[in-house]
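> Residues per chain are reported as follows:
There are 2 protein chains.
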Amino acid sequence: MKNVKLTIEYDGTNYHGWQAQSNAKTVQGTIEKAIHGLTGEKIAITGSSRTDQGVHAYGQVANFFTNSNIPPERFSYALNRMLPDDIVIKKSEEVSMDFHARYCSKGKKYRYLIYNNSFPSAIYRNRAYHISHRLDLEKMNRAIEFFKGTHDFSAFRATGSSSKTSVRTIFDVSLTSKEDLICFEVSGDGFLYNMVRIMVGTIVDVGMGRIEAEDIPDIIESLDRRRAGRTAPPQGLYLVEVYY
Amino acid sequence: MKNVKLTIEYDGTNYHGWQAQSNAKTVQGTIEKAIHGLTGEKIAITGSSRTDQGVHAYGQVANFFTNSNIPPERFSYALNRMLPDDIVIKKSEEVSMDFHARYCSKGKKYRYLIYNNSFPSAIYRNRAYHISHRLDLEKMNRAIEFFKGTHDFSAFRATGSSSKTSVRTIFDVSLTSKEDLICFEVSGDGFLYNMVRIMVGTIVDVGMGRIEAEDIPDIIESLDRRRAGRTAPPQGLYLVEVYY
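Order-wise, the sequence lines are chains A and B. The opening position of the first sequence corresponds to residue 1423 in the numbering used here, with each subsequent residue numbered one higher. The opening position of the second sequence corresponds to residue 1423 in the numbering used here, with each subsequent residue numbered one higher.
The following block holds chain A by itself, in its conformation from the complex (with noise of 0.2 Å):
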């Protein structure tokens, strides 16, 4: 038996999420499907993170155990011919058999994209959120830098969620602009659910004047849900890389 770890992009517009489910098309289940397809194996893989409906990736990773005897770098050409064109594996590798894409995570980067015009955009549409209020890029710089290093970052989680500790650090942030996009990256030892659309949607009221930047460290430190922003929609927010 061998543990092979793939590395997926995906765009999530047609997908009710990554998680399988019995009643709905999943980014999970589609990949099940064409490994069951290939190797005749029922198997369940096992991914990093559970994207939300609508959510995209350039870097998810997943890992799975296979008797097969397909080499393991090849399971990704395999697989790419059975996928619908939405769901690219980028790479397939054999890893020792005690990796595990959630467990082993050592971290993992984001990156949300903000469409600021006045008008939404039909390339972007589901790529990206929609603010029509011109923002403030040097106030949203200045209030992403609180973000950086390690917070409970309770104010940041969607409540219900299970975690047992909403400690994280941040290593880093960024945030960029071109033309009518704006850039947001963010990476960290890991992130509670909904953490980066919650900051996002923080830092949008940032930019709009709803919130100081300088209000951020008081945010945090309240643990308190209804003092940070909207959770910012899921079409924006792209995994980027997952570190082992």
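Some clues are possibly wrong.
No copy is singled out in the list; a pair is fine if it fits within one copy or between any two copies.
In the BS3-like style, the derived pairs of lysine-lysine whose C-alpha atoms are separated by at most 30 Å in a straight line are [what the hints assert, rightly or not]:
1) 1455 - 1528
2) 1447 - 1513
3) 1600 - 1427
4) 1427 - 1464
5) 1561 - 1513
6) 1561 - 1600
7) 1561 - 1512
8) 1570 - 1600
Simulated from the structure, these hints should not be mistaken for lab results. Nothing here was measured: the structure is a model prediction, and the numbers come from that model.
Since chain A is already given, all that's left is putting chain B on it; use the hints.
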């Protein structure tokens, strides 16, 4: 009667091109239907360019004559409420009665995206031309410079196209790259049918080492379509701006 100019963004993926057809969904036809729904008028709109199936636009321009008493600058808001979200009217404005979106154009700017990675992209599958062979950007950058200026572009024109003259002036070209995306931009006083896509097919041949950058002047002078590269596919092409 008023003459109204529209500036239009669209994702061309789900349309059979710009030009109205009786038996297929097109961008022009969809906008004309929305205007009919709004004003009750059965009118034809005139586009600056008949983009092909799968081609996108950030700034297509069209005009139409109307007797409606809707203020011209309000058409954008009213039409966007009726249009599907892959077509957005970014601006509507009254123009003089002799304005014609096609004949009055003084030039256009196009963008073409190439995705250069050994695997195709799920996210850019309808947005870029996938080339798996690693391209030599330095050579491609030398090649594009030869397009600048006034030339007979017969070698870069689809056979069977009917323009009276094939002499065009290219104002500017640029080639930039970020991660796996290569972005070619070209502006000029006009473009022959498929001219940008044949330019791209040719510089891709340069990037792959099939054609030398320094052979571009000879290819242009030959006036021979067979000397230039293949026609790059439509989904990488974007009409960015029309100049008046």
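> Should residue 1455 paired with residue 1528 be assigned to within, between, both, or neither, using CA atoms and 30 Å as the limit?
within (29 Å within a copy, 53 Å between copies)
> Check residue 1600 against residue 1427 for me: Cα-Cα at most 30 Å, and say if that holds within a copy, between copies, both or neither.
between (35 Å within a copy, 27 Å between copies)
> For residue 1570 vs residue 1600, is the C-alpha pair at or below 30 Å within one copy, between two copies, both, or neither?
both (24 Å within a copy, 26 Å between copies)
> Classify it for me, residue 1561 with residue 1600: is the Cα-Cα distance of at most 30 Å met within a copy, between copies, both or neither?
Answer is both: 17 Å inside a copy and 26 Å across each meet the 30 Å cutoff.
> Can you tell me if residue 1427 and residue 1464 fall within 30 Å by alpha carbon in one copy, between copies, both or neither?
Classified as within; 17 Å inside a copy, 58 Å across copies.
> My question is about residue 1561 and residue 1512: at a cut-off of 30 Å on alpha-carbon distance, are they close within one copy, between copies, both, or neither?
between (37 Å within a copy, 27 Å between copies)
> Between residue 1561 and residue 1513, at a C-alpha cutoff of 30 Å, which is it: within one copy, between copies, both, or neither?
between (39 Å within a copy, 29 Å between copies)
> Up to 30 Å between alpha-carbons, please classify residue 1447 paired with residue 1513: within, between, both or neither.
within (23 Å within a copy, 38 Å between copies)
Comparing the model with each numbered hint stated earlier shows that all of them hold.
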